[in-house]
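Take the sequences, apply the hints, and build the full model.
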Amino acid sequence: MEAHPSDSHTRERYEATGGYATLRKALAEMSPEQIADEVKAANLRG
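Take -18 as the starting number for the sequence shown in our numbering and just add one per residue.
To be clear, the hints were calculated from the coordinates, so they are not data collected in a lab.
A few of these clues could be false.
Here are the computed lysine to aspartate or glutamate pairs in the DMTMM-like style, where the Cα-Cα straight-line distance is at most 25 Å [unchecked claim]:
1. LYS6 to ASP18
2. LYS6 to GLU(-7)
3. LYS6 to GLU19
4. LYS21 to GLU10
5. LYS6 to GLU(-4)
Values in this document were obtained by computation on a predicted structure and should not be read as measured data.
This is the structure:
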């Protein structure tokens, strides 16, 4: 893989390197309650 591919700014490259995989999993396999629990467990601030 290139260090800085010329198409690194594209959605296609992002998806090809695993981008949106967690979003797809959340939408396909998790309930809204499960998603909320994950966010709470992450202790996000701000």
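For a quick check of understanding: which of the numbered hints are violated here, in increasing order? As far as the earlier hints go, not one is violated by this structure.
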